[in-house]
Amino acid sequence: EPEVTQTPSHQVTQMGQEVILRCVPISNHLYFYWYRQILGQKVEFLVSFYNNEISEKSEIFDDQFSVERPDGSNFTLKIRSTKLEDSAMYFCASSRLGTQYFGPGTRLTVL
Amino acid sequence: SQQGEEDPQALSIQEGENATMNCSYKTSINNLQWYRQNSGRGLVHLILIRSNEREKHSGRLRVTLDTSKKSSSLLITASRAADTASYFCATDQPRWGAGTASKLTFGTGTRLQVTL
Numbered sequence: 001e002p003e004v005t006q007t008p009s010h011q012v013t014q015m016g017q018e019v020i021l022r023c024v025p026i027s028n029h030l031y032f033y034w035y036r037q038i039l040g041q042k043v044e045f046l047v048s049f050y051n052n053e054i055s056e057k058s059e060i061f062d063d064q065f066s067v068e069r070p071d072g073s074n075f076t077l078k079i080r081s082t083k084l085e086d087s088a089m090y091f092c093a094s095s096r097l098g099t100q101y102f103g104p105g106t107r108l109t110v111l
Numbered sequence: 001s002q003q004g005e006e007d008p009q010a011l012s013i014q015e016g017e018n019a020t021m022n023c024s025y026k027t028s029i030n031n032l033q034w035y036r037q038n039s040g041r042g043l044v045h046l047i048l049i050r051s052n053e054r055e056k057h058s059g060r061l062r063v064t065l066d067t068s069k070k071s072s073s074l075l076i077t078a079s080r081a082a083d084t085a086s087y088f089c090a091t092d093q094p095r096w097g098a099g100t101a102s103k104l105t106f107g108t109g110t111r112l113q114v115t116l
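Protein chains in written order, with my numbering: chain A, 1 to 111; chain B, 1 to 116.
These aren't lab readings, by the way, just hints derived from the structure by calculation. Among the hints, erroneous ones may be present.
[Stated by the list, open to error] Straight-line Cα separation of at most 20 Å, EDC-like style, residue types lysine to aspartate or glutamate; simulated pairs:
id, chain 1, residue 1, chain 2, residue 2
1, B, 69, B, 53
2, A, 42, B, 7
3, B, 26, A, 44
4, B, 26, B, 7
5, A, 57, A, 85
6, B, 26, B, 66
7, A, 42, A, 71
8, A, 42, B, 5
9, B, 69, B, 55
Quick caveat, the model's predicted, so the values are computed rather than measured.
With the rest of the complex left out, here is chain A (with noise of 0.2 Å):
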């Protein structure tokens, strides 16, 4: 059964560096989505993207946050120069209709 799959599963970075998380959605699918997860809080929506543009992002996602889809397969986030709360597990979601499926998830540690 297709899944999504996310490198690395964990990162671990300095203050001010920049990271970039990976994804590969399911390859049929249309819609892709990037979440996190602060330890012991809800997940929560940072940016959808649809026909290799933005299609709605959160209040979390500030410039500091960018997401491209390079070629046909992978969809990355980067971010630019992490802070300390940036520290969360960040999902990666696609979906072709309503069930949208998520990765394994990318443990981001920032010292």
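Once you've looked at the hints, dock chain B against the given chain A.
Below, chain B without anything else, positioned relative to chain A:
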């Protein structure tokens, strides 16, 4: 309070018993989905129920939706130790126009513990 709140926050039952979790939300929805999350792991999709549906079954799962009360329930029958996880409801709002992605708004989750 927030869109998507589950109760109870925590539930402990014995294997074989049924587990019922409830979710309430505030705004009109398009779909409501239930997800499971094992500790520190990814979100596994369980079931989607559309706003025009009232009940849906999938294996040992039964989901109901009452749009007049803006609430949903997830029933897991004959629970197993492997059902131990956090369960979240997630809603998306009606969108206008084709090609519009729908963000999910998650609840706070119910932590289910199933003991032998």
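Tested hints:
1. Our distance criterion of 20 Å between C-alpha atoms is met by residue 69 of chain B and residue 53 of chain B, whose separation comes to about 14 Å.
2. Straight-line distance between C-alpha atoms of residue 42 of chain A and residue 7 of chain B comes to about 14 Å, which keeps the hinted pair within the 20 Å bound.
3. A threshold of 20 Å between alpha carbons decides the hint, and for residue 26 of chain B with residue 44 of chain A the separation of about 17 Å falls inside it, so the pair holds.
4. For the given pair, residue 26 of chain B sits about 15 Å from residue 7 of chain B by alpha-carbon distance, which is consistent with the 20 Å threshold.
5. The straight-line distance between the Cα atoms of residue 57 of chain A and residue 85 of chain A is roughly 18 Å, inside the 20 Å bound, and the hint therefore holds.
6. The suggested pairing of residue 26 of chain B with residue 66 of chain B holds, with an alpha-carbon distance near 12 Å, which does not exceed 20 Å.
7. With a C-alpha separation of about 31 Å, the suggested pairing of residue 42 of chain A with residue 71 of chain A is violated against the 20 Å cut-off.
8. A distance of roughly 10 Å separates the Cα atoms of residue 42 of chain A and residue 5 of chain B; the hinted pair therefore holds under the 20 Å criterion.
9. Annotation: proposed proximity of residue 69 of chain B to residue 55 of chain B holds, straight-line Cα distance about 14 Å (limit 20 Å).
The structure shown violates just one earlier hint, number 7.
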